[in-house]
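Engineer: Sequence:
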Amino acid sequence: MPAYFVIELDVADGPKLAEYEREVTEHVVAAGGRFIVRGNNYKPIEGDWHPKRIVIVEFPDVAAIERYYHSEANQRLKRTRVAGTGGAPAKAIAIEGLAAAGAPAAGKAPPREAGVDATGAVIWR
Numbered sequence: 001m002p003a004y005f006v007i008e009l010d011v012a013d014g015p016k017l018a019e020y021e022r023e024v025t026e027h028v029v030a031a032g033g034r035f036i037v038r039g040n041n042y043k044p045i046e047g048d049w050h051p052k053r054i055v056i057v058e059f060p061d062v063a064a065i066e067r068y069y070h071s072e073a074n075q076r077l078k079r080t081r082v083a084g085t086g087g088a089p090a091k092a093i094a095i096e097g098l099a100a101a102g103a104p105a106a107g108k109a110p111p112r113e114a115g116v117d118a119t120g121a122v123i124w125r
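Position 92 of the sequence shown, counting from 1, maps to 92 under the numbering used here, and the rest follow consecutively.
Incorrect hints may have been included.
[As the list claims (entries may be wrong)] Derived PhoX-like pairs: lysine-lysine, alpha-carbon spacing no greater than 20 Å straight-line:
(1) K52 - K78
(2) K16 - K52
(3) K78 - K16
(4) K91 - K16
(5) K52 - K91
(6) K78 - K91
[To be verified] Ranges of calculated distance between the beta carbons of each label pair, as one might list FRET restraints:
(7) N41 - Y69: 21 to 27 Å
(8) A30 - R79: 16 to 22 Å
(9) D13 - N41: 16 to 22 Å
(10) R76 - D13: 14 to 20 Å
(11) R67 - K91: 17 to 23 Å
(12) D10 - Q75: 15 to 21 Å
(13) S71 - I45: 31 to 37 Å
(14) V82 - D117: 30 to 36 Å
(15) G86 - R38: 15 to 21 Å
Hints listed in this document are in silico derivations from the structure and should not be mistaken for laboratory results.
We put the beta carbon where it would ideally sit given N, CA and C, even for glycine.
Generate coordinates for the entire structure from the input sequences, incorporating the hints supplied.
Structural biologist: Structure, rendered in structure tokens:
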């Protein structure tokens, strides 16, 4: 099942961050990743969220994201990224996607509403 690596970055040094993006691309692709979103051209729809830069990368699964994130190549490049963000930490999550066309994964029932969490958001299982 695909998974998505979602990263929010501050931008303090545009040229340094651009250098990082050029260098990191080959490592992401080699790890099975595919860039879906990489930029700052967005329109807020709800809430007060104004990220400086958003990156979304599709990987084959969450385990592939974790392998990539903890890889020697990524940890080495992280120093360049941190320089490009002025030392501001990135915010990043890995989240499972849906099976192709929203169909359940092989052998699994379709998701169904399982309740509501403490924030009022619907929980799907």
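Engineer: With reference to the structure, classify each hint as holding or not holding.
Structural biologist: To see whether the hints hold, each was checked on the structure:
Taken as a hint, the K52 and K78 pair is honoured in the structure, with Cα atoms around 18 Å apart against an allowance of 20 Å. About 15 Å separates the Cα atoms of K16 and K52, which keeps this hinted pair within 20 Å; it holds. The straight-line distance between the Cα atoms of K78 and K16 is roughly 12 Å, inside the 20 Å bound, and the hint therefore holds. Under the criterion of a C-alpha separation no larger than 20 Å, the hint pairing K91 with K16 is consistent with the structure, at around 18 Å.
At most 20 Å may separate the alpha-carbon atoms for a hinted pair to count; K52 and K91 meet this at roughly 12 Å. About 13 Å separates the Cα atoms of K78 and K91, which keeps this hinted pair within 20 Å; it holds. Distance hint for N41 and Y69: a CB-CB separation of about 25 Å, consistent with the stated range 21 to 27 Å. The hinted range of 16 to 22 Å is satisfied by A30 and R79, whose Cβ atoms lie roughly 19 Å apart.
A hinted range of 16 to 22 Å holds for the C-beta pair D13 and N41, which are about 20 Å apart. For R76 and D13, the Cβ-Cβ distance of about 18 Å falls inside the hinted range of 14 to 20 Å, so the restraint holds. The given range of 17 to 23 Å is respected by R67 and K91, whose C-beta atoms sit roughly 20 Å from each other. Between D10 and Q75 the beta carbon distance is about 20 Å. The supplied range of 15 to 21 Å therefore holds.
For the hinted restraint 31 to 37 Å between S71 and I45, the CB-CB distance of approximately 34 Å keeps it satisfied. With their beta carbons about 33 Å apart, V82 and D117 fall inside the hinted range of 30 to 36 Å. The beta-carbon spacing between G86 and R38, approximately 19 Å, falls within the hinted interval of 15 to 21 Å.
In the structure shown, no violation is registered for any of the earlier numbered hints.
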